[in-house]
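Visitor: Assemble the complex: chain A is given as a structure, and chain B must be docked to it using the hints.
Chain by chain, the residues:
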Amino acid sequence: MTPPPPGAEALALPVPKDSIYNRDIMAVTKGFSLKWLALVLLALGGLLQAVGVFAYQTYTGLGVAGYQAPVFWGVYIITFVFWIGIGHAGTLISAILFLFRAKWRNAINRGAEAMTVFAVLTAALFPLIHIGRLWKFYFMIPYPNQRGLWVNFKSPLLWDLFAINTYLTISVVFFFVGLIPDLAIARDRAPNGIKKLLYTVLSLGWQGTGRQWKAHSRTVLHLSGLATPLVLSVHSVVSWDFAMSVLPGWHATIFAPYFVAGAIFGGFAMVLTLMIPVRRIWGLEHIITDYHFENMSRFILFTSWIVGYAYTMEYFIAWYSGVEWEQTSFFLRAFGPYWLSTWIMIFCNVVAPQVLWFKSCRTNVHLLFVLSVIINIGMWFERYVIIITSLSRDFVPAAWGIYIPSPVELSILVGSFSFFSLLFLLFLKVFPVIAITEVKELAIHARDHAHGGAH
Amino acid sequence: MPTVVSIFDRPSDVAKAVRKLRDRGHDQLTTYSPAPFTEVEDAEDPKPSKVRLFTLIGGLLGLVTGFAIQIWMSLDWPLKIGGKAYASIPAYVIVGFELTILFGGLATFLGLMLVGRLAPGRLDKAYSKRFSAEEFGVAVDCKDSDVAEIDALMRAHTAKEVHVVQA
Chain A
1 MTPPPPGAEA LALPVPKDSI YNRDIMAVTK GFSLKWLALV LLALGGLLQA
51 VGVFAYQTYT GLGVAGYQAP VFWGVYIITF VFWIGIGHAG TLISAILFLF
101 RAKWRNAINR GAEAMTVFAV LTAALFPLIH IGRLWKFYFM IPYPNQRGLW
151 VNFKSPLLWD LFAINTYLTI SVVFFFVGLI PDLAIARDRA PNGIKKLLYT
201 VLSLGWQGTG RQWKAHSRTV LHLSGLATPL VLSVHSVVSW DFAMSVLPGW
251 HATIFAPYFV AGAIFGGFAM VLTLMIPVRR IWGLEHIITD YHFENMSRFI
301 LFTSWIVGYA YTMEYFIAWY SGVEWEQTSF FLRAFGPYWL STWIMIFCNV
351 VAPQVLWFKS CRTNVHLLFV LSVIINIGMW FERYVIIITS LSRDFVPAAW
401 GIYIPSPVEL SILVGSFSFF SLLFLLFLKV FPVIAITEVK ELAIHARDHA
451 HGGAH
Chain B
1 MPTVVSIFDR PSDVAKAVRK LRDRGHDQLT TYSPAPFTEV EDAEDPKPSK
51 VRLFTLIGGL LGLVTGFAIQ IWMSLDWPLK IGGKAYASIP AYVIVGFELT
101 ILFGGLATFL GLMLVGRLAP GRLDKAYSKR FSAEEFGVAV DCKDSDVAEI
151 DALMRAHTAK EVHVVQA
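As given, the protein sequences belong to chains A and B, one line each in that order.
Going letter by letter, the first sequence gives residues 1 to 455 in this note's numbering.
Going letter by letter, the second sequence gives residues 1 to 167 in this note's numbering.
Simulated from the structure, these hints should not be mistaken for lab results.
All of these numbers come straight from a predicted model, not from anything done at the bench.
All C-beta atoms in this analysis are idealised placements derived from N, C-alpha and C, irrespective of residue type, glycine included.
Take every hint as true, because none was put in to throw you off.
With the C-beta cut set under 8 Å, the calculated list includes, among others, these residues of chain B facing chain A:
id, residue
1, Ser12
2, Tyr32
3, Glu41
4, Thr55
5, Ile69
6, Asp76
7, Ser88
8, Gly105
9, Leu106
10, Thr108
11, Leu112
12, Arg122
13, Lys129
14, Phe131
15, Glu134
Chain A extracted, bound-state conformation (with noise of 0.2 Å):
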């Protein structure tokens, strides 16, 4: 028997065998390419020409955005409900997949859990710009003032205050939570600098003790229940926006599960639109194999029909209730001035996911990659089809007009898919893009168990 080293410099010696998760996943995070370095600063044009843009109409006044009687929701509402939308996949795959112990979500959960705190991010600029007096945004909230007035609690609207928020705070904290102890992993292997000091600071210490990870997943476990009726009810508030008024074509029982269909549908097309290009760019395919595409396809295939079947139950229920302002508002959404984006909408949520019945174009990933950019098209314009149609024509013929997105509207449009890709890359270079230790605890078991036929 070799007597033990003394001290604690024994331990300091370096790793004797290196994690190959630990390598391949940091290894994202190293250097910076001059492809990356071309995307960033693109999205930043992007993003600082609507900066500007947004200042413009800051100081002109919303006549800008194109808002004009009757349609005083535009562009920016419609954009926010896709950027929540798009934050649906994320939790569904980290919380409710976490819950069915669906391991296969463990390659793909870290960027659809990033994807969410950044669409949701993103989502809630767009309220702000779309008041017009940015200055007065803090109404929303219900402070003790000099006026003595309080908010009203029976309003949608501040329903929906509070939901966004809400899961705002939950997503970051669930995305954090996850990130803990590959922060640990990032700060052991960083050489000393800046970065050490980032991870040093946001690893909180971690050490894997076993009462730590007790803890961990505890807390993992509480905050997928907790987050799992969150995501259900969030998009079912922002559908109330809508449903809760009397319009023709909004006031509509079915909404809030069409919406969260619709917001999970969205969200895993996203979802392979970030995780594709990132698998591909960084070798990662022995992690993210193409079977964790094809689950995801399933997903994509069923929530399709689940989409599919709101849309045709919207015109049966419009025909069944017998009520003319609902019918005259389906037909002119399916024959009048916005045939073509109803028309979009059904190809792209609806025909063209149908190829995802064949496994030949389910493992097709650039297939999918083109799918995916065709889902997110079409529920852009779902959103489009749902706000402005029934906008547009509402009760009396008299006061019907004509919606066309204007420039200033487009350009801030731009820019939201940029703060979302500058987000998301800049979460390239500094967090684990997988789930390490996830990843890792598959291996150890597959190992142990491997090697456990003696146990």
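Guide: Structure of chain B alone, referenced to chain A:
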């Protein structure tokens, strides 16, 4: 007081070694794992984590706060809206629900910090970077006279290395 740190490769071995140590009365021990393994955690301490209490208290507090602020604020500035009562419970379910989740989630995180004793930058003497790669560690605080016994015991349980760290 010396700390004996043994290094393992497999979680099942760690669990067995830890149970053995506890049987022998060495319960001042800490395990270090690169990933969560319930067998290791339960061997170290079979009781469920107290984090669950935090979630419960936080959630209930949020529920009460949610309804309380809405009812009080609508009575403080009474406005008849939509023919509803000033304190209109069904309309307040949503904000009450959201605050339940918000407070519950934040309290759970606080629970993780307190129960897991997390504090930035503080690491045990026995901690090694190897434990965030793929190896496991068991650290036992013991009397000088017990070092040899624990060393032998750990090696018998497939520890590949045993080190002694002075506190």
